[in-house]
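A.B. asks: As a plain string of letters, each chain reads:
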Amino acid sequence: MNRRIRPHLWLVSLISRMVPRRFRSDWKEEWKAELVHRESVLARRSQSDWKARNDLIRRGLASFWDALAMQPRRLEEEFLQDIRYAIRLLIKQKAITAVAIVSLAVGIGANTALFSLIDAMLLKKLPVHNPDDLVLFNWSAVQAGMDLPLSITFDGNRTDPGTGRTTWDSFSYRVFEQFRTSNKTLSAIFAFARIYRANIVADGNAEIGDGELVSGGYFNGLGVSTIAGRPIQDSDDNTAAAPVAVLGYRYWQQRFGLDPAIVGKTLKVNNVSLTVIGIAPPDFSGTLQVQDSPDIYVPMALEPLLVSPNGGGPIEMPDWWWLQIMGRVRPGVSPEQVRGNMDGVFQQNVREISGNKSPSPFSPTLEVVSGSRGLYSSRETYSQPLMILMVIMGLVLLIACVNVANLLLARAATRQREIVTRLSIGATRLRLIRQLLTESVVLASLGGSLGIVFGYWGKDLLLKWGPWGIQSEQVTVRMDLRVLGFAIAISVFTGILFGIVPAMRSVRTELAPALIQNARTLSAGRTRVSKSLLVLQVAMSLVLMVGAAFFIQTLWKLKHVDVGFDTGNVLLFKIDPTLNRYPVAQFTTAMEQITERLQAIEGVRGVTVSDSALIADGGNFGSRNRSDVRAAMLGIRWNFFQTMGVPVVSGRSFTPQDNAIAPKVALINETLARRYFPDANPVGKRVWDAEIVGVVRDTKIGSVRRDIPPAVFTPYLQERPRRMTFQIRFTDAARALIPAFRNVVKQVDSNLPVYDIRTLEEQVDRTQLSQAILFANFASAFGAVALFLVCVGLYGVTSYNVARRTHEIGIRIALGAKTSTVRTMVMQEILFLVLVGVGLGLAGALTLTNKIRTMLFGITPNDPMTVFMAIAVLVGVAAFSGYLPARRASKVDPMIALRYE
Amino acid sequence: VIENSFVNLYSILYIQISDYRQIMGKTYLSFSATVILQAVANGYEYGFDIMDMTGLPGGTVYPALRRLEDQGYVVSKWEKGDIAQRELRPARKYYKITDDGEEALAAAIKRYRMLGQPQGRPHQTKPSRQKA
Chain X
1 MNRRIRPHLW LVSLISRMVP RRFRSDWKEE WKAELVHRES VLARRSQSDW
51 KARNDLIRRG LASFWDALAM QPRRLEEEFL QDIRYAIRLL IKQKAITAVA
101 IVSLAVGIGA NTALFSLIDA MLLKKLPVHN PDDLVLFNWS AVQAGMDLPL
151 SITFDGNRTD PGTGRTTWDS FSYRVFEQFR TSNKTLSAIF AFARIYRANI
201 VADGNAEIGD GELVSGGYFN GLGVSTIAGR PIQDSDDNTA AAPVAVLGYR
251 YWQQRFGLDP AIVGKTLKVN NVSLTVIGIA PPDFSGTLQV QDSPDIYVPM
301 ALEPLLVSPN GGGPIEMPDW WWLQIMGRVR PGVSPEQVRG NMDGVFQQNV
351 REISGNKSPS PFSPTLEVVS GSRGLYSSRE TYSQPLMILM VIMGLVLLIA
401 CVNVANLLLA RAATRQREIV TRLSIGATRL RLIRQLLTES VVLASLGGSL
451 GIVFGYWGKD LLLKWGPWGI QSEQVTVRMD LRVLGFAIAI SVFTGILFGI
501 VPAMRSVRTE LAPALIQNAR TLSAGRTRVS KSLLVLQVAM SLVLMVGAAF
551 FIQTLWKLKH VDVGFDTGNV LLFKIDPTLN RYPVAQFTTA MEQITERLQA
601 IEGVRGVTVS DSALIADGGN FGSRNRSDVR AAMLGIRWNF FQTMGVPVVS
651 GRSFTPQDNA IAPKVALINE TLARRYFPDA NPVGKRVWDA EIVGVVRDTK
701 IGSVRRDIPP AVFTPYLQER PRRMTFQIRF TDAARALIPA FRNVVKQVDS
751 NLPVYDIRTL EEQVDRTQLS QAILFANFAS AFGAVALFLV CVGLYGVTSY
801 NVARRTHEIG IRIALGAKTS TVRTMVMQEI LFLVLVGVGL GLAGALTLTN
851 KIRTMLFGIT PNDPMTVFMA IAVLVGVAAF SGYLPARRAS KVDPMIALRY
901 E
Chain L
1 VIENSFVNLY SILYIQISDY RQIMGKTYLS FSATVILQAV ANGYEYGFDI
51 MDMTGLPGGT VYPALRRLED QGYVVSKWEK GDIAQRELRP ARKYYKITDD
101 GEEALAAAIK RYRMLGQPQG RPHQTKPSRQ KA
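Protein chains in written order, with my numbering: chain X, 1 to 901; chain L, 1 to 132.
Only chain X is shown next, with the shape it has when bound in the complex (with noise of 0.2 Å):
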């Protein structure tokens, strides 16, 4: 064989070419050595001389299939050198990098946990055997000015603005019942209603809690079971079985620190022994709205006993709708299917509620919907003020994209040359941009993993803070795989984002001009782009300014309307002796012993009681008698009005002897007055079945937002017995006395839990401002982080263009230029660019400050003052921060500047 012409070995150095680079030598090595080998062994052999040859080719053509396979590692290989260059060249400029960072984690940051809110409240599935498979059972009607047939007694209904149709998700017990009878499509039915408030007594201690009564087949169907003891079965579910309970997880771990022994154990609830049979387990808190995590789990068919001991409780009424129907599908089977099987017995329940009022106005839909999230109307609610809070987050990470972007360009063109450089050695215009949008992704990446950290905080605070009307520790909002997820994929998508158009320009670039460094040539370009990309800042950033002016305008008028009375140094704490099914007497006697008791203590001014307080509770609003006067109604103690500061106008305040036993009293508000008496002196006169005994100042009732409603007030000596609201003026730190108002209510009767303490303007900002709280703070917050954003983007986009232009600024001088000059004409640009910006900005923020319409109070979507004031503080803010490179311009020395190119 002739050893000198080797075509195998030069096949293999030809086609190692091919193999990415880090492995090439040791691939070529290998094929190599086998072929060389290979060699050996056939001239041992002896055989033919073109036989050999063509067994080596033959081979030496195969690692082509080889070095093939390997084409995927190449991409592996230069992404991680690009990595590497992307990390070295970002540690070799701090600033810059850190600054970027810091912007995109803010970015990034706010809107994981925004998301991962997002998902707890609005996208988890319920933690049971396939969610998908469960429906719930809705109605829809036309409510527009119809007095439906039935009471309801869930409040979460939702009307859609196009049909104008109302949805409810309650039903009747009967209707559950017939449902349950008539079934052919679903696997399992159950119900399931809440318990607003129970009187839990254990070892003695009595403390409120919540519940949820659950019919016999609904740990069964929904495919929970419990993490000790068994959960509620049918055989529970009647009223001959003994009373028993499951607990949630979380009341289990808070109340009995995780006790396996209290299964089996006997609770006290609402006066009714139960057995506990079971604990729920960590994850599952029901089926209700995201708020309700119920403390404990009780059988439908307690309800009488439980909630409605004196008779005419909702289970026996096929008029009053209640409870909620879920179901789990049968294989194959659609909602439509469910619908068309329910929908008969349905319409014969309608007919026969609304029977006697022909032809009805009442023509329900049942409707059948997914059921995998529980019940959501109310969850609905939270999706404006979640929506807000998007867009406010959405804009800050877009405005620091813009930023990073803008801060590349300049980086850029400090890199011009070596790009230049690349280009004219070789490298393709694609691996460039390849490159340079790995930089920006690694940038992102860090930023990223600063936001998931900030996110992780954020999440917390979002909750605290937030109008949801929940108390944090009923929802979990957990930074699990999908949050991760959404946060890598914001990061990557950022990165992408504001890199591509740097990384675009970087490249396009004619080579031969750039290598001869000929500055304005190279930049003129590029200035427009990071030109545009100020404007769109300014706009975008002007947005959430006129946002948060509006926002805080709102909460500060909230906070200075007049209400009528002093809401300092008042606490207020509810007791709800229904729940123990006191007599009158009794009832009347521990409300009397109470008050004089809190009386006694040291640092109390007055104390007072009221089924519900002025404006902290919702209140309660209607009509007795069939009157036609409409009023909210507040059942108060004699000194109520003394106490809480409000005078009496005309006629006299209720005294103590205004008892159950003497005639029935009232006394109405000046709008009451104003409304339904305008020509006469109403005292004397009669409303509803009580006379008149006066009129008092009105304060607001019920909510700081709505007008003053027209208000009767009774001696709720005179009501049934119901919750009581105490309302203590005090003089001293009002938190040091809560143990002793605890005992006194403990010494009077100690199975009388007292709840829902705090003071009065805790629970007004709760209540009542806790969703202008937040946007304030948002959007002031995020509206000063935008700020400081633009001037950092305004300062280098202006440094940048100011060191682009020292030669000229520095022959203007020359010629004869006063610095005042030079200075006005660098002014003016940064002015022009922040003009343009506020322009576009006023109009994207005027479309959006009318959406918020319904947020606002006391002020409109386009007040000009509000509007003029982000405006002037934004080019204010931004003047200042291009005064700086303006003045370093007007300083330039002609001598240096010419001697510069």
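Rather than coming from a laboratory, the hints here were simulated on the basis of the structure.
Where is the CB? At the ideal position from N, CA and C, for every residue including glycine.
Please note that a few of the clues may not be correct.
[Claimed, not checked] A short, non-exhaustive set of chain L residues, derived as facing chain X with CB atoms under 8 Å:
| # | residue |
| --- | --- |
| 1 | 44 |
| 2 | 46 |
| 3 | 57 |
| 4 | 58 |
| 5 | 63 |
| 6 | 89 |
| 7 | 91 |
[Unchecked claim] Taking lysine to any residue and the SDA-like style, the derived pairs with C-alpha atoms no more than 20 Å apart in a straight line are:
| # | chain 1 | residue 1 | chain 2 | residue 2 |
| --- | --- | --- | --- | --- |
| 8 | L | 93 | X | 9 |
| 9 | L | 80 | L | 43 |
| 10 | X | 557 | X | 861 |
| 11 | X | 28 | L | 84 |
| 12 | X | 28 | L | 45 |
Fit chain L to the supplied structure of chain X, relying on the hints for placement.
C.D. replies: Below, chain L without anything else, positioned relative to chain X:
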């Protein structure tokens, strides 16, 4: 040559798909990989020896060896310099089966036995050289 090209292309594609399957949580030992692993286990440690032994073309054997190495079923080493020097040729690379490889091989053999007959194309079992 044309037929071998098809076999090689098929193997390369198959390897890419198998990689994908592995990402989805399944480790998949193809028939040819099993044959190659068996050859390594039986002491055929050099690429060309495996080709001779199994009759599979180089474009199938080498990519499969690299993948088995990535999976940790075989390890590759360079033979000692003095051996190569003695024979006046460059050092060759050889492959050894690992403990994981032994396990995977046992599982794969069991699986293919259960199938009754191998999944691969029948001609793959014949040495390719004989056809040329």
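A.B. asks: So, for every hint listed, does it hold in this structure?
C.D. replies: Hints, one by one, checked against the model:
no. : hint           : result
1   : 44             : violated, 13 Å
2   : 46             : holds, 7 Å
3   : 57             : holds, 6 Å
4   : 58             : holds, 3 Å
5   : 63             : holds, 4 Å
6   : 89             : holds, 4 Å
7   : 91             : holds, 6 Å
8   : L:93 to X:9    : holds, 17 Å
9   : L:80 to L:43   : holds, 18 Å
10  : X:557 to X:861 : holds, 14 Å
11  : X:28 to L:84   : holds, 16 Å
12  : X:28 to L:45   : holds, 18 Å
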